[in-house]
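Asker: One letter stands for each residue in the lines below.
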Amino acid sequence: MRFNGPNRTELAIAVGLISLLMFSAQSMAQTAATPATTQVGLQCNGTLLLDPFNGSLAGPNLPAGLLPIDASVKDKILKSGLPCQENVSTGAQGDLAGVESVGLENLQRGFDFYSWRTFIALNSPADGTPIDSASTQADTPTRWEDMNNFKQLLDVMLPTDLQPPRWPTDLNGMTAERERLMPKECRDLHRQMPDRMIVKMIEESFNEPFKTGPLIDQNGHYAVFDILMNRQMFKYIMDHHLNTKAGQMSAANSDLLVDFPPGQNSGAEFGAFMLKVSWKILTDGEAATKNFHMRKALVLMPPGADRPCVPETLGLIGFHAVHKTATRPQWIWTSFEHSKNVPDKDEVAAGKLVGPYNFFSVKCQADCPAVNATPPTPWDPDPALRLRFRKDDSFKSQIVRETPLTDAAKNMNAIFHNMLPSNSVWQNYMLISTQWPSEFACASLHSQVPGAPAPGTDFIKQPDMTCSPAPTFMANSTLETYSQGDVPLASSSCIACHGNAVGFQKGASAPKPGQMHLNQSDFTFMLEKAQ
Amino acid sequence: MRELPKQRHDDRSDATRLEPESFVSRRRMLAGTVATTAAAAVAPIAGAAYAAGPDVNSPQDMMAFLLLSAALAGVHVVNLAPEFSQDIKKDILDQDPGVDPINVKNDYFRWINAHDSTSSFGKLLQIAKDNRQSGINIIAAVNASDDSAKFLARSIVLLWYLGSWYEPADLKANAATPGTRAVTPSVVVSSKAYTQGLVWQIVGAHPMGYSNLQFGYWSRDPNDPNDAVQNSNFGVITATIP
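Going down the list, the protein sequences come from chains A and B. Residue 363 in numbering that gives the first Met the number 0 sits at position 364 of the first sequence, and the numbers go up by one each step. Residue 200 in numbering that gives the first Met the number 0 sits at position 201 of the second sequence, and the numbers go up by one each step.
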């Protein structure tokens with residue numbers, strides 16, 4: 000067959016040789032610390048590092064002889080730092096014997112490897128020690144919890160009287176900003192417990208996407224959600240005055256095509272990075288098990304007539320890491336969660352339950368809530384009950400995972416668990432999957448307009464700006480609990496959903512001929528939170 | 000170790016990406032579609048009889064299905080199989096059709112196989128194999144085949160464009176007495192198929208209740224997906240299938 004057709008622009012990404020592996024941020028974790036920082040925010044590693052694992056991971060079993068992972072390989076991976084960009088291919092992993100038979104599986108494997116590296120890098124101790132060091136404990140503050148590295152969304156999208164947000168580069172400045180933004184309801188407790196993380200709740204902190212409802216654990220407590228951004232994202236927001244509604248709606252921004260900077264290996268550019276995490280309120284007994292990464296926190300309840308600030312111990316149960324890269328302008332969506340959150344639907348059907356689970360009762364025989372049912376209304380937390388859903392704990396979510404993990408994801412989890420110390424709290428976390436735009440030519444389309452600001456992402460010419468996400472659907476049992484499944488548009492797809500995100504820029508109605516007004520916000524709902 | 004497939008997705012600097020390109024222009028393809036769907040004289044099927052039933056797991060059968068579909072529908076193979084990547088050293092039938100996240104091609108293959116009451120699917124695949132060097136020849140051979148094959152071909156075109164299945168017998172009845180039926184029965188193959196109709200890509204719209212278009216798309220002029228200069232980086236409809 001003869002193929003005479005148009006050319007596609009080949010995208011060649013130079014592999015960066017810069018090796019800024021480690022992070023020198025102080026372990027502050029929203030706490031006061033002593034020396035001033037010298038390193039501004041997280042650095043990424045642009046060095047090519049491919050999945051070195053021998054054998055196919057797409058089958059039901061791990062390749063024979065793969066485990067244990069060689070100590071030098073383990074060391075290299077666990078200390079490789081945060082990837083600046085994915086390194087993926089349809090054809091091969093680092094070890095040529097590790098090739099999958101299907102191109103898509105090779106790509107997914109490359110992204111899952113990237114996701115685990117990202118998870119390891121972000122959850123390594125904030126003091127710069129490796130994640131496998133003996134000193135790492137369940138409550139050791141992580142790098143993403145360090146206020147030098149990530150900033151909570153609600154500390155950026157401030158009320159008018161607290162604008163503008165600041166993110167100084169010195170420790171004293173960051174601490175001062177933290178104190179400036181300390182809610183008055185928390186100040187007394189903060190004086191007593193100065194090292195506690197502050198979590199400010201709004202509706203999105205307890206109500207799942209599309210207001211589908213709160214998630215209630217087996218102790219009758221709300222799950223709590225939080226959103227954070229890195230310095231690159233913060234800088235873009237501030238540079239373009241997107242931190243306020245008025246700024247977004249200004250004439251200067253009427254034609255702005257929001258386009259956050261991408262990560263890339265070349266030059267070791269970190270790019271824009273978002274986190275969304277979910278927490279469980281831990282009982283003393285649960286905290287004692289050390290099965291969760293946990294932080295002591297002061298949780299400010301959602302706005303209302305009474306807004307208590309509640310001291311709690313939070314256990315990490317869900318972790319979304321979202322990274323924009325030069326080759327994936329639809330961002331890369333990594334989803335981890337605690338392995339004891341919920342059972343798979345198939346495990347329930349087969350009676351293969353290994354409880355207890357955080358959001359599923361194995362003992363419930365009668366009068367159980369319907370599986371994956373939203374709680375009864377009202378959903379808003381009652382200040383008098385603090386973070387308990389009902390006074391009598393009459394409702395506890397009964398959640399199952401609709402779509403089991405693939406064999407490949409399970410195998411990748413097994414490999415990384417093998418590399419971690421057996422007593423590491425991170426053994427309890429598993430990669431659900433990584434969603435990425437699979438249509439390469441689509442994702443690589445950039446603006447041809449001379450002088451278009453970097454990265455010059457161009458979705459205007461695409462009939463489908465999502466560029467065929469793979470997998471098509473992906474849900475975390477704690478963050479997209481009620482939108483699991485595989486129904487187009489109704490079921491959770493990170494990219495498809497966030498592709499609809501907008502800000503407050505002037506709307507698209509009645510543009511002048513030939514003029515476009517798009518208030519699309521580059522796959523983030525953060526801009527909607529501007530006040 | 001076997002030779003690796005070409006790297007469509009390779010982000011590495013040493014990657015070589017070869018993209019499949021149109022082997023027949025879209026306009027000619029659409030002309031062929033019209034010809035195919037018009038009633039035509041019955042003629043013997045070109046090529047050998049299709050002895051075994053079509054097999055969705057056979058790469059050769061899938062490649063034949065893609066070549067047939069591309070010729071009939073007038074769109075490039077890569078729009079039907081986004082992970083297909085041509086290796087110019089190999090016969091087209093020996094190439095890897097690829098697996099994409101949606102993989103609607105496999106769903107359609109299975110559906111046609113299950114609903115082909117006249118065993119014509121195998122004949123059409125054989126036509127595609129025998130004429131794999133030219134989409135024009137595929138169209139001509141289909142037009143020269145019997146009514147069962149021709150109306151199945153029409154059903155295949157409609158399936159790709161609309162995600163719905165029209166029974167070949169109903170299409171034949173319509174062609175025999177055009178205008179006598181208010182509605183031609185059809186069934187949406189699946190929720191996935193509902194979103195994948197080529198018609199939406201080509202006209203720059205979306206089915207009711209589902210859209211992956213950019214927010215604010217309604218504020219700008221529609222694109223001509225075949226306008227290489229203005230509106231597309233490919234010159235044919237893009238390989239993106241939502």
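The hints are simulated quantities; they were obtained by calculation from the structure and are not laboratory data. Treat the hints with care, as some may be off.
As the list claims (entries may be wrong) - Stretch-level coverage of chain B by chain A, calculated; a stretch enters the list once three of its residues show a Cβ under 8 Å from a Cβ in chain A: (1) 93 to 104; (2) 114 to 124; (3) 161 to 174.
Stated by the list, open to error - The list that follows gives simulated cross-link-like pairs (lysine to any residue, SDA-like), each with its CA atoms no further than 25 Å apart: (4) A:LYS210 - A:ASP381; (5) A:LYS344 - A:ASN206; (6) B:LYS89 - A:ALA96; (7) A:LYS275 - B:LYS191; (8) B:LYS88 - A:ALA96; (9) B:LYS89 - A:SER100; (10) A:LYS210 - B:SER57; (11) A:LYS73 - A:GLU104; (12) A:LYS344 - B:SER57; (13) A:LYS183 - A:GLY212; (14) B:LYS191 - A:GLU104; (15) A:LYS344 - A:THR405; (16) B:LYS88 - A:LYS344; (17) B:LYS191 - B:SER57.
Where is the CB? At the ideal position from N, CA and C, for every residue including glycine.
Asker: Evaluate each hint against the coordinates.
Answerer: Taking the hints in turn, this is what the structure says about them:
1. Counting residues of the segment 93 to 104 of chain B whose CB lies closer than 8 Å to any CB of chain A gives 6, which reaches the minimum of 3, so the coverage claim holds.
2. Residues of the segment 114 to 124 of chain B with a Cβ under 8 Å from some Cβ of chain A number 0, which does not satisfy the need for three, so the listed coverage is violated.
3. Evaluation of the coverage hint for the segment 161 to 174 of chain B: breached, as 0 residues show C-beta separations to chain A shorter than 8 Å, against a requirement of three.
4. Straight-line distance between C-alpha atoms of LYS210 (chain A) and ASP381 (chain A) comes to about 17 Å, which keeps the hinted pair within the 25 Å bound.
5. The suggested pairing of LYS344 (chain A) with ASN206 (chain A) holds, with an alpha-carbon distance near 23 Å, which does not exceed 25 Å.
6. Among the hinted pairs, LYS89 (chain B) with ALA96 (chain A) is consistent with the structure: their alpha-carbon atoms are about 24 Å apart, no more than 25 Å.
7. With a C-alpha separation of about 29 Å, the suggested pair LYS275 (chain A) and LYS191 (chain B) falls outside the 25 Å cut-off, and the hint is violated.
8. Taking the CA atoms of LYS88 (chain B) and ALA96 (chain A), the gap is near 24 Å; set against the 25 Å cutoff, the hint holds.
9. At most 25 Å may separate the alpha-carbon atoms for a hinted pair to count; LYS89 (chain B) and SER100 (chain A) meet this at roughly 18 Å.
10. Pair hint LYS210 (chain A) plus SER57 (chain B) does not hold up; C-alpha atoms about 45 Å apart against a cutoff of 25 Å.
11. With a CA separation close to 23 Å, the supplied pair LYS73 (chain A) and GLU104 (chain A) stays within the 25 Å bound.
12. For the suggested pair LYS344 (chain A) and SER57 (chain B), the alpha carbons sit about 32 Å apart, so the restraint of at most 25 Å is broken.
13. Of the pairs offered as hints, the one joining LYS183 (chain A) and GLY212 (chain A) is violated, with about 28 Å between alpha carbons and a cut-off of 25 Å exceeded.
14. Restraint check for LYS191 (chain B) and GLU104 (chain A): satisfied, since their Cα atoms lie roughly 21 Å apart, inside the 25 Å limit.
15. A C-alpha spacing of about 14 Å is found between LYS344 (chain A) and THR405 (chain A), which places the hinted pair at or below 25 Å, so the restraint holds.
16. With a C-alpha separation of about 46 Å, the suggested pair LYS88 (chain B) and LYS344 (chain A) falls outside the 25 Å cut-off, and the hint is violated.
17. Annotation: proposed proximity of LYS191 (chain B) to SER57 (chain B) holds, straight-line Cα distance about 23 Å (limit 25 Å).
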